[in-house]
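A.B. asks: Residue numbers (my numbering), protein chains in the order written: chain A, 492 to 963; chain B, 492 to 963.
Hints are computed from structural coordinates only; laboratory data are not their basis.
One should not assume that every hint holds.
Remember, identical chains collapse to one label, so a pair may be satisfied in a single copy or spanning two.
[As the list claims (entries may be wrong)] Calculated cross-link-like contacts (lysine-lysine; reagent style DSSO-like; alpha-carbon spacing at most 30 Å):
1) LYS720 / LYS750
2) LYS691 / LYS680
3) LYS906 / LYS750
4) LYS563 / LYS750
5) LYS531 / LYS680
6) LYS859 / LYS720
7) LYS755 / LYS604
8) LYS527 / LYS604
9) LYS563 / LYS894
10) LYS877 / LYS531
11) LYS691 / LYS869
12) LYS531 / LYS853
13) LYS906 / LYS894
14) LYS531 / LYS894
15) LYS894 / LYS853
16) LYS680 / LYS527
17) LYS859 / LYS877
18) LYS598 / LYS750
19) LYS755 / LYS531
20) LYS604 / LYS894
21) LYS720 / LYS604
22) LYS720 / LYS755
23) LYS859 / LYS563
Protein chains: 2
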Amino acid sequence: MLTYSLEKRGSTPLYHYLYECIKSDILSGTLVAGEKLPSKRSFAQHLRVSVMTVENAYAQLVAEGYIRPVEKSGYYVNPIETMPTSGAQLPELTETGRAQAFFLDFKTNHICKENFPHATLSRLMREALSEKTGLLDPLQYNGLAELRHAIASYLLAFRGIRVSPEQIVIGAGTELLYTLIIQLLGRDKIYAVEDPGFHKIARIYELNGLRFRYIDVDRAGLSVDLLRKEETDVIHISPTHHYPTGIVMPIRRRQELLKWASEKSGRYIIEDDYDSEFRFSGHPIPPMLNIDTEGKVIYMNTFSKTIAPAVRISYMILPRELLARYRETMGFYSCTVSGFDQYMLAKFIDGGYFERHINRMKNLYRIKRDTVIDAIDKSPFADRVKIMEEHAGLHFLMRIQTKLDDALLVRLAEKEGLRLSFLSEYMHAPTPEDAHVMVVNYSGIDTARLPEAMRRLASILDGSDDTKSENL
Amino acid sequence: MLTYSLEKRGSTPLYHYLYECIKSDILSGTLVAGEKLPSKRSFAQHLRVSVMTVENAYAQLVAEGYIRPVEKSGYYVNPIETMPTSGAQLPELTETGRAQAFFLDFKTNHICKENFPHATLSRLMREALSEKTGLLDPLQYNGLAELRHAIASYLLAFRGIRVSPEQIVIGAGTELLYTLIIQLLGRDKIYAVEDPGFHKIARIYELNGLRFRYIDVDRAGLSVDLLRKEETDVIHISPTHHYPTGIVMPIRRRQELLKWASEKSGRYIIEDDYDSEFRFSGHPIPPMLNIDTEGKVIYMNTFSKTIAPAVRISYMILPRELLARYRETMGFYSCTVSGFDQYMLAKFIDGGYFERHINRMKNLYRIKRDTVIDAIDKSPFADRVKIMEEHAGLHFLMRIQTKLDDALLVRLAEKEGLRLSFLSEYMHAPTPEDAHVMVVNYSGIDTARLPEAMRRLASILDGSDDTKSENL
């Protein structure tokens with residue numbers, strides 16, 4: 492009769508250990524198809540365990556299909572291919588190294604952490620977790636009504652944007668919202684990608700097998716002539732603050748783009764208002780959505796910039812026609828943001844905390860920007876640089892007089908612990924005129940390190956261009 | 492000279508009101524292209540405001556492209572198309588009515604709310620929000636290392652699944668993970684949808700313009716012969732607990748499917764282990780992932796079932812080859828789950844709370860299931876029904892002897908406040924043999940209402956089949 496030494500089982504329950512032993516023998520071929528297993532009673536006596544133990548082990552083996560009961564006869568092994576019982580221990584993968592720790596990082600969009608509203612959010616989350624049992628239910632496709640109402644009220648009060656909460660769809664980040672928009676607008680469309688611009692969206696189009704074209708951006712934004720020439724249908728733009736040039740699209744170009752969109756059904760404008768809250772002089776620029784009378788603009792915005800990148804809450808505002816289509820074809824999707832997070836954010840907005848938080852952050856960022864510009868002005872290379880588009884958003888441009896090419900500058904800076912990025916990285920086919928324009932993301936940097944960082948940058952720019960470029 | 496009555500401005504800042512007035516005149520055509528605006532000083536005197544007010548208003552108009560400064564001359568109106576200044580007030584949309592409130596809902600997968608760990612989660616979230624400043628940084632594509640480690644340790648300790656934390660990708664729900672898998676595996680694949688099965692996934696394939704086939708499920712699961720015949724590449728299955736039939740796929744069929752996958756590169760098995768934690772007799776069924784030696788299984792699971800649907804945290808485990816491809820082509824994506832939520836869940840798992848929560852819920856659901864089955868056994872229609880597949884998961888099947896067709900039963904029940912669903916709804920082309928099999932989702936129901944619900948169901952089944960079906 493089958494014999495197993497049950498002493499080695501450690502803390503595994505007896506029946507489960509027995510099940511593992513028999514399973515292993517079946518998978519290794521020791522027990523072959525058609526073989527009859529001992530009767531429960533005699534097997535139990537033999538192993539000195541209870542009949543219940545054998546019964547439970549057999550039941551598990553039956554449930555998984557290793558053996559079958561035959562009425563009035565007993566249990567038989569099923570025909571099964573032999574294989575190693577448990578996968579060989581997998582070699583440990585090493586985690587990909589964390590991003591190199593830079594002395595100062597001018598590329599990554601970190602936020603300024605000094606002002607994060609820990610206490611308020613903790614309290615609101617506690618309320619969400621304890622008070623709202625409705626939050627335990629499945630979520631609607633478009634998100635929590637409380638949050639959509641809070642956003643609509645906020646947009647009306649502080650941005651002059653009038654939308655119904657119904658038009659708002661909440662999603663876990665703008666990248667996700669793009670993939671939903673693609674599904675909504677359809678695969679027959681040709682998408683336009685701004686050049687220079689936010690090229691991640693081109694990678695999303697690529698991954699989804701969509702047709703897209705790079706369209707040049709001039710001083711006023713996307714060129715309408717090129718849009719027509721390339722027969723594009725859907726454009727993705729940030730008219731309030733173009734990324735990375737920082738250009739504000741003038742009203743005339745906005746009108747031209749809306750006219751272009753209205754000329755043909757199926758043409759749409761995705762307006763990504765990603766950092767419109769941070770305008771340091773004057774008022775926020777009104778979005779194109781406000782002058783869209785034909786339902787051509789899909790407006791989107793995110794709380795990643797205003798609260799923290801780790802807060803994955805974005806939203807889009809759909810024109811009515813698209814909203815109806817969304818409900819019909821995509822209403823089965825669950826909303827991707829936790830109900831608790833949505834409730835917390837709704838309270839954060841409704842309680843006025845969000846507006847106060849933005850104002851505080853705007854002041855902080857203004858000071859930070861001034862400090863960075865001041866450090867540049869005082870640097871040894873002050874007369875070799877020109878600062879542009881610094882009145883809005885969390886980055887500005889700095890044109891540098893240098894013979895070093897952008898890629899070389901990035902490498903030299905990296906050796907000095909500085910992370911830089913250049914306009915040319917955001918271009919599909921950069922021309923020589925686009926070189927030497929640094930995109931300065933300052934929101935997350937430690938300003939105490941600026942003087943030292945400026946010294947290091949100066950040493951790079953001062954080095955003999957010719958020798959350095961030859962050595963690398 | 493231009494004159495505006497600035498008294499009506501309410502609480503709008505003076506400069507902003509002036510900007511609105513001029514903008515409105517430009518958009519309405521009152522001020523035409525080329526027209527020169529009054530000089531700042533004389534306009535300020537005329538309106539009895541400070542020069543700074545006019546300067547700020549002009550600056551905003553310049554920023555938005557309505558006017559342009561001409562050196563040593565003044566400000567001129569740009570050529571702009573006239574249009575209504577602000578969109579007419581939008582008609583309010585009415586929120587789509589909430590789902591009808593049913594007396595008892597046997598269809599929706601609610602959770603049992605009695606045991607939700609409010610206090611523990613609140614405490615852990617407070618820790619996340621206050622202690623971990625690293626959580627304010629942008630998220631990696633695959634999620635927080637802490638959570639991936641917690642999941643890997645949990646899977647090893649409680650499920651016997653050995654994976655590296657590196658292989659885990661966190662995402663905001665399984666629907667989202669499907670769309671990522673589609674992008675990863677490519678658009679040239681043919682996808683198989685189980686019939687009966689989880690047909691939402693077919694709608695996702697449809698929205699993404701992918702080719703897919705419905706493949707029949709027999710008593711052991713997806714038919715390998717049909718898979719070969721239909722030339723499919725990727726299958727999505729729940730071998731541990733098929734939805735909705737509840738069938739456990741026997742080891743033999745698992746081996747056949749793995750063999751099928753290994754025969755051709757590009758073939759993959761998506762194993763959705765959505766409610767494997769809730770097995771009421773014996774041990775959890777080991778996943779196919781454990782016997783996959785060729786890297787063909789993409790395992791996925793969710794915390795929506797085990798904690799709450801509103802907790803949008805799911806994960807997938809990628810085989811090494813796909814992991815490398817994912818990093819290369821899709822590593823630019825941000826993870827879609829809030830860093831705070833990930834940290835909270837990591838602590839919940841590491842602290843042993845998750846395991847204890849599952850055990851508590853399993854007991855609760857077992858009692859709930861027994862109560863439902865007991866109520867059915869005691870009902871007047873006990874001898875007309877047969878209960879099937881009730882040892883696992885949060886639903887079971889009930890075959891009803893009736894002449895009423897499924898759609899009619901659903902309508903009649905709805906009138907009585909009962910929400911029912913039938914196996915036939917989960918089938919692409921149901922046959923008469925598939926009729927009258929109710930899918931009983933019991934996890935969220937109020938058991939106190941069961942006796943009354945059984946009376947109502949009995950009255951429907953007792954009613955003369957012929958007259959009722961004629962009347963509707």
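A.B. asks: Are the hints correct? Go through all of them and say.
C.D. replies: Here is what the structure says about each hint:
1. LYS720 / LYS750: within (15 Å within a copy, 51 Å between copies)
2. LYS691 / LYS680: Both: 18 Å inside a copy, 24 Å across copies.
3. LYS906 / LYS750: neither (49 Å within a copy, 51 Å between copies)
4. LYS563 / LYS750: The answer is neither: 81 Å in one copy and 34 Å across copies each exceed 30 Å.
5. LYS531 / LYS680: Neither. Shortest intra-copy (66 Å) and inter-copy (48 Å) distances fail the 30 Å Cα cut-off.
6. LYS859 / LYS720: For LYS859 and LYS720, neither the intra-copy (43 Å) nor the inter-copy (65 Å) Cα distance is at most 30 Å.
7. LYS755 / LYS604: neither (46 Å within a copy, 50 Å between copies)
8. LYS527 / LYS604: Classified as neither; 68 Å inside a copy, 46 Å across copies.
9. LYS563 / LYS894: The answer is neither: 91 Å in one copy and 36 Å across copies each exceed 30 Å.
10. LYS877 / LYS531: This pair counts as between: shortest inter-copy Cα distance 29 Å, intra-copy 87 Å.
11. LYS691 / LYS869: This pair counts as neither: shortest intra-copy Cα distance 35 Å, inter-copy 61 Å.
12. LYS531 / LYS853: between (75 Å within a copy, 28 Å between copies)
13. LYS906 / LYS894: Classified as within: same-chain Cα gap 19 Å, cross-chain 79 Å, threshold 30 Å.
14. LYS531 / LYS894: Answer is neither; intra-copy 86 Å and inter-copy 43 Å both fail.
15. LYS894 / LYS853: For LYS894 and LYS853, neither the intra-copy (36 Å) nor the inter-copy (69 Å) Cα distance is at most 30 Å.
16. LYS680 / LYS527: neither (63 Å within a copy, 43 Å between copies)
17. LYS859 / LYS877: Within one copy only: 18 Å inside a chain, 71 Å across chains, cut-off 30 Å.
18. LYS598 / LYS750: For LYS598 and LYS750, the Cα distance exceeds 30 Å both inside one copy (36 Å) and across copies (48 Å).
19. LYS755 / LYS531: neither (76 Å within a copy, 43 Å between copies)
20. LYS604 / LYS894: neither (36 Å within a copy, 66 Å between copies)
21. LYS720 / LYS604: neither (46 Å within a copy, 58 Å between copies)
22. LYS720 / LYS755: within (14 Å within a copy, 44 Å between copies)
23. LYS859 / LYS563: For LYS859 and LYS563, neither the intra-copy (83 Å) nor the inter-copy (34 Å) Cα distance is at most 30 Å.
Consistency with the previously given hints fails for numbers 3, 4, 5, 6, 7, 8, 9, 11, 14, 15, 16, 18, 19, 20, 21 and 23, ordered from lowest to highest.
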